[in-house]
Amino acid sequence: DAMVIQNPRYQVTQFGKPVTLSCSQTLNHNVMYWYQQKSSQAPKLLFHYYDKDFNNEADTPDNFQSRRPNTSFCFLDIRSPGLGDAAMYLCATSRGRGRTEAFFGQGTRLTVV
Amino acid sequence: GESVGLHLPTLSVQEGDNSIINCAYSNSASDYFIWYKQESGKGPQFIIDIRSNMDKRQGQRVTVLLNKTVKHLSLQIAATQPGDSAVYFCAENKANRDDKIIFGKGTRLHILP
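Chains A and B, in that order, are what the protein sequence lines are. Mapping the first sequence onto the working numbering, position 75 (from 1) lands on 75, and the numbers just tick up by one. Mapping the second sequence onto the working numbering, position 103 (from 1) lands on 103, and the numbers just tick up by one.
Read the hints as simulated data drawn from the structure, not as lab findings. The beta-carbon is built from N, C-alpha and C at its ideal position, and this holds for glycine as well. Hints are not guaranteed to be accurate.
[Claimed, not checked] Covered stretches of chain B, going by a simulated chain A footprint (3 or more residues, C-beta under 8 Å): (1) 17-24; (2) 55-66.
[As the list claims (entries may be wrong)] Just a few of them, taken from the derived set where beta-carbon distance is under 8 Å, the chain B residues facing chain A: (3) Ile34; (4) Phe89; (5) Asp99.
Make a model of the complete structure from these sequences and hints.
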């Protein structure tokens with residue numbers, strides 16, 4: 001059974017048109033992460049939540065925002081997607097605080113046209 | 001600054017031989033390390049982890065070695081099979097201080113028939 005679920009698997013959006021990617025988990029984990037992964041590169045951490053505490057990476061562009069309305073759901077909002085934002089976006093969860101084995105979803109591949 | 005890197009971007013191994021994938025890290029504050037396997041079009045999958053109070057940890061067909069003196073870890077895969085073809089990432093975490101999981105660059109493992 002899928003434990004970290006990302007929807008949709010593939011998303012096409014227009015240049016400059018806001019888009020939201022979603023992630024849900026059935027693990028009841030405290031931490032949820034969003035990573036950006038471009039072709040042949042490592043996943044790059046954008047931000048993460050411990051419960052409702054938001055932790056932004058210093059180099060994450062302001063164009064990227066996140067929301068976590070409850071334990072199970074987390075959203076990635078891209079306010080004005082540019083061509084350079086085309087990538088795979090990965091959501092992950094962990095229990096956190098020294099128990100940081102992370103479980104990943106299958107990702108959402110974003111195309112910007 | 002923090003960085004986790006890999007020595008070789010691509011590794012080709014004969015089916016049935018052992019594979020060794022290496023990783024160097026620079027942040028001596030890191031105390032938890034994870035190896036992930038990522039197949040094409042999928043999210044990273046946990047393989048094995050090791051804490052800094054250990055030098056070696058074994059799983060099914062996999063062994064992780066940690067050398068804190070030279071800030072190096074390796075993943076050994078015994079009797080490599082076609083299903084082992086993937087990109088392998090090491091990742092680091094400061095388990096008792098924050099929940100961030102930072103990925104290294106990745107090594108693509110090719111299995112030769």
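Hints, verified against the model:
Counting residues of the region 17-24 of chain B whose C-beta sits closer than 8 Å to any C-beta of chain A gives 0, which falls short of three, so the coverage hint is violated. Beta-carbon proximity to chain A at under 8 Å applies to 0 residues in the region 55-66 of chain B; the threshold of 3 is not reached and the given coverage is violated. Because the smallest distance between the Cβ of Ile34 of chain B and any Cβ of chain A comes to about 7 Å, under 8 Å, the interface hint for this residue holds. Hint status for Phe89 of chain B: holds, given a least beta-carbon distance of 6 Å to chain A, under 8 Å.
Of the supplied interface hints, the one on Asp99 of chain B holds, with its beta-carbon coming within about 4 Å of a beta-carbon of chain A, less than 8 Å.
Of the numbered hints given earlier, the model fails hints 1 and 2; all others are met.
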